[in-house]
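Please build the complete structure, drawing on both the sequences and the hints.
Heads up: the sequence shown begins at 1063 in my numbering, then just goes up one per residue.
Take these hints with a grain of salt, some might be off.
What the hints assert, rightly or not - Derived BS3-like pairs: lysine-lysine, alpha-carbon spacing no greater than 30 Å straight-line:
(1) LYS1649 - LYS1589
(2) LYS1309 - LYS1347
(3) LYS1505 - LYS1138
(4) LYS1181 - LYS1253
(5) LYS1649 - LYS1531
(6) LYS1531 - LYS1478
(7) LYS1505 - LYS1611
(8) LYS1324 - LYS1427
(9) LYS1601 - LYS1698
(10) LYS1226 - LYS1250
(11) LYS1494 - LYS1160
(12) LYS1427 - LYS1478
(13) LYS1385 - LYS1649
(14) LYS1309 - LYS1385
(15) LYS1377 - LYS1362
(16) LYS1589 - LYS1362
(17) LYS1616 - LYS1531
(18) LYS1347 - LYS1250
(19) LYS1245 - LYS1193
(20) LYS1255 - LYS1181
(21) LYS1226 - LYS1111
(22) LYS1324 - LYS1377
(23) LYS1263 - LYS1250
(24) LYS1377 - LYS1450
(25) LYS1385 - LYS1160
(26) LYS1601 - LYS1226
(27) LYS1649 - LYS1518
(28) LYS1160 - LYS1193
(29) LYS1468 - LYS1377
(30) LYS1478 - LYS1347
(31) LYS1111 - LYS1616
(32) LYS1138 - LYS1160
(33) LYS1193 - LYS1204
(34) LYS1518 - LYS1505
(35) LYS1193 - LYS1377
(36) LYS1494 - LYS1531
(37) LYS1427 - LYS1518
(38) LYS1226 - LYS1347
(39) LYS1324 - LYS1362
(40) LYS1226 - LYS1362
Treat the hints as calculated values from the structure; they're not laboratory data.
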Amino acid sequence: MKPLLAALLLAMALPAAAASVSTPIRSPFAGFDYNTPHPFNVRDLVMLKRVSDPQLSPDGRYAAFGVRSTDYAANKGVNAIDVLDLSRDGKPVQVVAKGASSPRWSVDGRSLYYVASVKGVAQLWRVDFAKGGGGLDLAAAKAPVQVSHAPLDIQDYKLSPDGKSVLLSYAVYTDCSDLACTKARLDKRAKDKSTGTLYHKLFVRHWDTWSDGRRNQLYLAHFGADGQLPVEPTLLSRGIDGDVPSKPFGDASEFAFSPDGKTVYFDVRIAGTSEPWSTNFDIYKVPADGSSAPTNLTAKNEAWDAYPVPSPDGKTLYYLAMKTPGFEADRFGIMAMDLATGATREIDPQWDRSPGSMNISADGKTLFVTADDEGQHPLFAVDAVSGKVRQLVGDGEVDGYSVVGKRVLLARNDLKRPSDLYTVDTDGRDLKQVTHANAARLKNTQEGDFQFFTFKGWNNETVQGYVVKPANYQAGKRYPVAFIIHGGPQGAMTNSWSYRWNPQTYAGQGFAVVTINFHGSTGYGQKFTDSISGDWGGKPLEDLKLGWKAALAKYDFLDSGRACALGASYGGYMTYWIAGVWNSPWKCFVDHDGVFDSRMMYYATDELWFEEHENGGTQYEHPQNYEKFNPLDHVKDWRVPMLVVHSGHDFRIPLSQGLGAFTALQRRGIPSRIPHLPRRKPLGAATT
1063 MKPLLAALLL AMALPAAAAS VSTPIRSPFA GFDYNTPHPF NVRDLVMLKR
1113 VSDPQLSPDG RYAAFGVRST DYAANKGVNA IDVLDLSRDG KPVQVVAKGA
1163 SSPRWSVDGR SLYYVASVKG VAQLWRVDFA KGGGGLDLAA AKAPVQVSHA
1213 PLDIQDYKLS PDGKSVLLSY AVYTDCSDLA CTKARLDKRA KDKSTGTLYH
1263 KLFVRHWDTW SDGRRNQLYL AHFGADGQLP VEPTLLSRGI DGDVPSKPFG
1313 DASEFAFSPD GKTVYFDVRI AGTSEPWSTN FDIYKVPADG SSAPTNLTAK
1363 NEAWDAYPVP SPDGKTLYYL AMKTPGFEAD RFGIMAMDLA TGATREIDPQ
1413 WDRSPGSMNI SADGKTLFVT ADDEGQHPLF AVDAVSGKVR QLVGDGEVDG
1463 YSVVGKRVLL ARNDLKRPSD LYTVDTDGRD LKQVTHANAA RLKNTQEGDF
1513 QFFTFKGWNN ETVQGYVVKP ANYQAGKRYP VAFIIHGGPQ GAMTNSWSYR
1563 WNPQTYAGQG FAVVTINFHG STGYGQKFTD SISGDWGGKP LEDLKLGWKA
1613 ALAKYDFLDS GRACALGASY GGYMTYWIAG VWNSPWKCFV DHDGVFDSRM
1663 MYYATDELWF EEHENGGTQY EHPQNYEKFN PLDHVKDWRV PMLVVHSGHD
1713 FRIPLSQGLG AFTALQRRGI PSRIPHLPRR KPLGAATT
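Next up, the structure:
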């Protein structure tokens, strides 16, 4: 079987006269025997089970989690929910199959709530377990019961501390008085012969979706004596022109109950007319009965405030906050607000990392967070008073966790293995793997080993990268290289598993992989992250050059004469940039959803705050900043063959950017290809 990348390069090298205008894309793995040892490939990646959303039962004994598998014949993913008894050395039991997600335990630990569709509408369900002397009988779960019957999809939900009510998010027209009104309007729109929409403000489209005027709004509903929810819940985000949770990636971590269940906290960005150039999320509180309108608790901070976490005694509200308005990659500090006085302090000002998710211990003394940290994404414990930080779980990526008592249940992965579940004590001891979801498939695959390295980059500052060996590595041989440039740009290539740009898919094709976490990457301090703003084609390019040189000097199996540079998003921008200013080392380029014209990017993208922060303002006020590192201006120097891949539904970096680059390549007579992917979503959504 020819390596995919090599086959693409061969195709690009064909004389123009021998090629037709277009060629269907065929799977290279038809008929492949996956039961024999083989290098890891893309089909393996697609067929892996994806373990996620770990949830501990209230007594800490049972682990519920989501499992996504692939029905290859039907060309779709299938979600299910498994439960594992952590007190025994057994296997997980699938308790809900086909289309179930978001498992959450009831307060008594005898039922599991989840979301599944009924006639195309996402509803809340409950599955009950019989309990005997030996615990829950997982294998004999009772028939699932539908508990919500609303006419609209549940976006997210969160159960109250006493289990008697639930927060629900629905996408609604805010001028409607009930959910039925939104449903009726959607049905009428679906029947209209006209499909046009007249917009009077931005967003016209966001991420991968055209705006239809609906907002995610937060509601509360009480369970009846029969366990059922009313069709019409109580609106809590009354008068809020914004999305709860936020679009496109918000979730239930953006709203929370107070411990007594009488108050609800949520974060939201008020839309108005400035939504596309504002990162001013604020945290609001509202009575759980909806008796009064929400109150803004963080109005003084014009930057991002998010992820409210009340203390168990209800006296303190913890949350994350940025300090720079309009900057989405600023450092999140952990804030503590005295709810009686409103006094606020940052508890971790000396910790130069930017945490993401946050949870709190039952005694209120410890906050649990994850954050990028020098190529890893560990789980940390932060003292809620002193701000002292200690690492609980280090190597790899923690991509979900749940805490009950002294036990932490977490999903963890690394560059060689997808996520499985682990348990660890809250003091960081006794780390134990408890699931092996892909053991059967991975027993026949061969992955490449990896190693991190450091070198002196821009301004003689230390920069980190890593190398992945080919899966078929043999000492003394030299191998072609995939030089992968990460996106963001405020992101990083970490010791983590990916269902997008996974280095093991290249290693399995016989390539070595080199990647550099250049200036602008996350996990190396905020100053390092900030250094890329206004300098997209400067410091990062210097780091890439010096990193490539350092890798060649350190690893003699890298064949510099057979190297291809490739990247997505900002990595795609950099690929276009080096195609004109540093093309000599490369035999080919692969560009995925990259920025080709920095000027037009400002006017065609959806989230303007990013462009304005990175370039010091608007394009019409600071045109020279957008022109300084514009790949478009160096097309005359392009000469290396390129594969351009651009998603049809990418509204962050629109398709016209990729088409423009392909036009430039064709007009210059450079061997090039572009696949037509009309239903493909943006890079960040490419996980199916």
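Outcome of the hint check:
Of the supplied pair hints, the one linking LYS1649 and LYS1589 is violated, its CA atoms being roughly 34 Å apart against a limit of 30 Å. Distance restraint check for LYS1309 and LYS1347: the Cα-Cα separation of roughly 20 Å lies within the 30 Å cut-off, and the hinted pair is therefore satisfied. The straight-line distance between the Cα atoms of LYS1505 and LYS1138 is roughly 24 Å, inside the 30 Å bound, and the hint therefore holds. Annotation: proposed proximity of LYS1181 to LYS1253 holds, straight-line Cα distance about 18 Å (limit 30 Å).
A distance of roughly 20 Å separates the Cα atoms of LYS1649 and LYS1531; the hinted pair therefore holds under the 30 Å criterion. Note on LYS1531 and LYS1478: the hinted pairing holds, with a Cα-Cα distance of about 11 Å set against a maximum of 30 Å. Restraint check for LYS1505 and LYS1611: the C-alpha separation of about 36 Å exceeds 30 Å, so the hint is violated. For the suggested pair LYS1324 and LYS1427, the alpha carbons sit about 23 Å apart, so the restraint of at most 30 Å is met.
A C-alpha spacing of about 23 Å is found between LYS1601 and LYS1698, which places the hinted pair at or below 30 Å, so the restraint holds. The hinted pair formed by LYS1226 and LYS1250 fails the criterion: a straight-line CA distance of about 35 Å is larger than 30 Å. For the proposed pair LYS1494 and LYS1160, the alpha carbon gap of about 29 Å is at most 30 Å, so the pair holds. Of the pairs offered as hints, the one joining LYS1427 and LYS1478 is violated, with about 35 Å between alpha carbons and a cut-off of 30 Å exceeded.
Taking the CA atoms of LYS1385 and LYS1649, the gap is about 44 Å. The hint is violated against a cut of 30 Å. This hinted pair checks out: LYS1309 and LYS1385 have alpha carbons roughly 21 Å apart, not beyond 30 Å. For a cut-off of 30 Å, the pair hint linking LYS1377 to LYS1362 stands: about 20 Å separates their Cα positions. With a C-alpha separation of about 25 Å, the suggested pair LYS1589 and LYS1362 falls inside the 30 Å cut-off, and the hint holds.
Among the hinted pairs, LYS1616 with LYS1531 is consistent with the structure: their alpha-carbon atoms are about 13 Å apart, no more than 30 Å. About 35 Å separates the Cα atoms of LYS1347 and LYS1250, which puts this hinted pair outside 30 Å; it is violated. Pair hint LYS1245 plus LYS1193 does not hold up; C-alpha atoms about 40 Å apart against a cutoff of 30 Å. At most 30 Å may separate the alpha-carbon atoms for a hinted pair to count; LYS1255 and LYS1181 meet this at roughly 24 Å.
With a CA separation close to 34 Å, the supplied pair LYS1226 and LYS1111 exceeds the 30 Å bound. The suggested pairing of LYS1324 with LYS1377 holds, with an alpha-carbon distance near 13 Å, which does not exceed 30 Å. Only pairs whose Cα atoms come within 30 Å are accepted, and LYS1263 paired with LYS1250 is accepted, the gap being roughly 23 Å. At roughly 21 Å between alpha-carbon atoms, LYS1377 and LYS1450 fall within 30 Å of each other, so this suggested pair holds.
Restraint check for LYS1385 and LYS1160: the C-alpha separation of about 43 Å exceeds 30 Å, so the hint is violated. Restraint check for LYS1601 and LYS1226: the C-alpha separation of about 55 Å exceeds 30 Å, so the hint is violated. For the hint linking LYS1649 to LYS1518, the alpha-carbon distance of about 26 Å falls within 30 Å, and the restraint holds. Distance hint between LYS1160 and LYS1193 is fulfilled; the C-alpha atoms sit about 25 Å from each other, no more than 30 Å.
Between LYS1468 and LYS1377 the alpha-carbon distance is near 23 Å, which keeps this suggested pair within the 30 Å criterion. With a C-alpha separation of about 43 Å, the suggested pair LYS1478 and LYS1347 falls outside the 30 Å cut-off, and the hint is violated. Of the pairs offered as hints, the one joining LYS1111 and LYS1616 is violated, with about 36 Å between alpha carbons and a cut-off of 30 Å exceeded. The suggested pairing of LYS1138 with LYS1160 holds, with an alpha-carbon distance near 11 Å, which does not exceed 30 Å.
About 11 Å separates the Cα atoms of LYS1193 and LYS1204, which keeps this hinted pair within 30 Å; it holds. Distance restraint check for LYS1518 and LYS1505: the Cα-Cα separation of roughly 39 Å exceeds the 30 Å cut-off, and the hinted pair is therefore not satisfied. Distance hint between LYS1193 and LYS1377 is unfulfilled; the C-alpha atoms sit about 36 Å from each other, more than 30 Å. Pair hint LYS1494 plus LYS1531 holds up; C-alpha atoms about 28 Å apart against a cutoff of 30 Å.
A hinted pair counts as satisfied when its Cα atoms are at most 30 Å apart, and LYS1427 with LYS1518 does not qualify at roughly 40 Å. For the hint pairing LYS1226 with LYS1347, the CA-to-CA distance comes to about 20 Å; that is within 30 Å, so the pair holds. Proposed proximity of LYS1324 and LYS1362 is supported: the alpha carbons are some 25 Å apart, at most 30 Å. For the suggested pair LYS1226 and LYS1362, the alpha carbons sit about 35 Å apart, so the restraint of at most 30 Å is broken.
Checked against the numbered hints above, the structure breaks hints 1, 7, 10, 12, 13, 18, 19, 21, 25, 26, 30, 31, 34, 35, 37 and 40 and satisfies the rest.
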